[in-house]
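Protein chains in written order, with my numbering: chain A, 1 to 190; chain B, 1 to 139.
Hints were generated in silico from the structure; no laboratory data involved. Quick reminder that beta carbons are idealized off the backbone N, C-alpha and C, glycines included.
Here are the simulated lysine-lysine pairs, DSS-like style, with alpha carbons at most 30 Å apart: (1) K33/A / K134/B; (2) K134/B / K95/A; (3) K117/B / K181/A; (4) K134/B / K177/A; (5) K141/A / K70/B; (6) K70/B / K177/A; (7) K70/B / K95/A; (8) K70/B / K109/A; (9) K177/A / K117/B; (10) K141/A / K181/A; (11) K53/B / K33/A; (12) K53/B / K177/A; (13) K66/A / K70/B; (14) K117/B / K95/A; (15) K181/A / K70/B; (16) K181/A / K134/B; (17) K70/B / K94/A; (18) K117/B / K33/A; (19) K181/A / K53/B; (20) K33/A / K70/B.
The calculated label-pair distances, taken between Cβ atoms and stated as ranges, are: (21) R80/B / S77/A: 44 to 52 Å; (22) R80/B / N82/A: 37 to 45 Å; (23) T110/A / T79/B: 47 to 55 Å; (24) G40/A / A138/B: 15 to 23 Å; (25) A115/A / Q110/B: 40 to 48 Å; (26) T184/A / D93/B: 45 to 53 Å; (27) F124/A / A84/B: 56 to 64 Å; (28) K66/A / F92/B: 25 to 33 Å; (29) V24/B / Y27/A: 36 to 44 Å; (30) N29/B / T23/A: 44 to 52 Å; (31) G48/B / G189/A: 19 to 27 Å.
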Amino acid sequence: MKNKLLLPLIAAAAPLFFAGCATDAHYVQTGDKEQVVSLGQINIQDYANAANAAVKDLLASGALDKVANPPALLELSRIVNNTSQQVDTDLLTKKISIALLQSGKAQTKTVDAKATGYQQEAEFMNDQKTTRLPDFTLSGKIIETVDRAGSTRRTTYSFQLSLNDPKAGVQVWEGEKEIGKQGTRSSVGF
Amino acid sequence: MKSAKFLLLILAGSALALTGCTTVNTVENAQKVGQRNMVTDQRVITDGSLSRKVSIVGVNSSQTPGGLLKVQVELLNRTRSRQAFLYRFEWFDLNGMQVENILSANIPDQIEGQESKFINGLAPTPSCHDFRVKFIEAD
Numbered sequence: 001m002k003n004k005l006l007l008p009l010i011a012a013a014a015p016l017f018f019a020g021c022a023t024d025a026h027y028v029q030t031g032d033k034e035q036v037v038s039l040g041q042i043n044i045q046d047y048a049n050a051a052n053a054a055v056k057d058l059l060a061s062g063a064l065d066k067v068a069n070p071p072a073l074l075e076l077s078r079i080v081n082n083t084s085q086q087v088d089t090d091l092l093t094k095k096i097s098i099a100l101l102q103s104g105k106a107q108t109k110t111v112d113a114k115a116t117g118y119q120q121e122a123e124f125m126n127d128q129k130t131t132r133l134p135d136f137t138l139s140g141k142i143i144e145t146v147d148r149a150g151s152t153r154r155t156t157y158s159f160q161l162s163l164n165d166p167k168a169g170v171q172v173w174e175g176e177k178e179i180g181k182q183g184t185r186s187s188v189g190f
Numbered sequence: 001m002k003s004a005k006f007l008l009l010i011l012a013g014s015a016l017a018l019t020g021c022t023t024v025n026t027v028e029n030a031q032k033v034g035q036r037n038m039v040t041d042q043r044v045i046t047d048g049s050l051s052r053k054v055s056i057v058g059v060n061s062s063q064t065p066g067g068l069l070k071v072q073v074e075l076l077n078r079t080r081s082r083q084a085f086l087y088r089f090e091w092f093d094l095n096g097m098q099v100e101n102i103l104s105a106n107i108p109d110q111i112e113g114q115e116s117k118f119i120n121g122l123a124p125t126p127s128c129h130d131f132r133v134k135f136i137e138a139d
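This is chain A alone, in the form it adopts within the complex (with noise of 0.2 Å):
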């Protein structure tokens, strides 16, 4: 008799309980307290706080501004994928040039085909040559370390970057910014 009723009161508990776990689809800010963490992978907020770090960084060194016609011209040059994912190396440099360029302190090079199909139109129209070296390539790679204990793993993404002097031969900035995620499965929430 006991069980009878205990049956039906597990029933109505259970749907209330499990609801409180479930979250509706929402919109959410990149970096939010709700993140999602993720062991085995890098998130959209570890390149934010890569490039972030990176930016601040480089323009606190004042390597952009030692160029003689400022803002300094930068290329991008390749990021070195050493990780064991797919990495759209983009969402690291695309931040980082951005940043920069609304900073004043840097410009960097088109790779627009158009756009330099204009350019050397003009230069063969004009019989001059304007296409301006750049004053600094950035390059860098992204490694990834895993240490295991038990079941608990620690992931660690290193994202090392460095501003070259094409015309000197010499890197003139380096920065390494390494993020870490430790426990023993992906969780919401920082």
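Fit chain B to the supplied structure of chain A, relying on the hints for placement.
Quick look at chain B alone, frame taken from chain A:
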């Protein structure tokens, strides 16, 4: 026999309770060479819980050679356990208008028990003259 079991339970319990507590000892030069340009700050506290745990000791600022405003905030964890939080810098121009920046996102950070720590921000453009820092307690 009963008291031995009880003692073991207390020991195990206190070991678990103390695991979360790690405090920081520090040492620094007593006679400072550098002078901090302290900023008179204005605070709005809506999360008393976070403010009691992690308090703002002071704010100082400087300028980079490139003319960008650099702000440093000193925080102190008043508890004996690690505290996680998010912070975000906002920047304003001479007219008090907020300067939007692609990188103005919440930055996750943490501070150990009794630790004093600096966080810093760099203005995204030379036109930024004022700032605001927001702190949110992490769950």
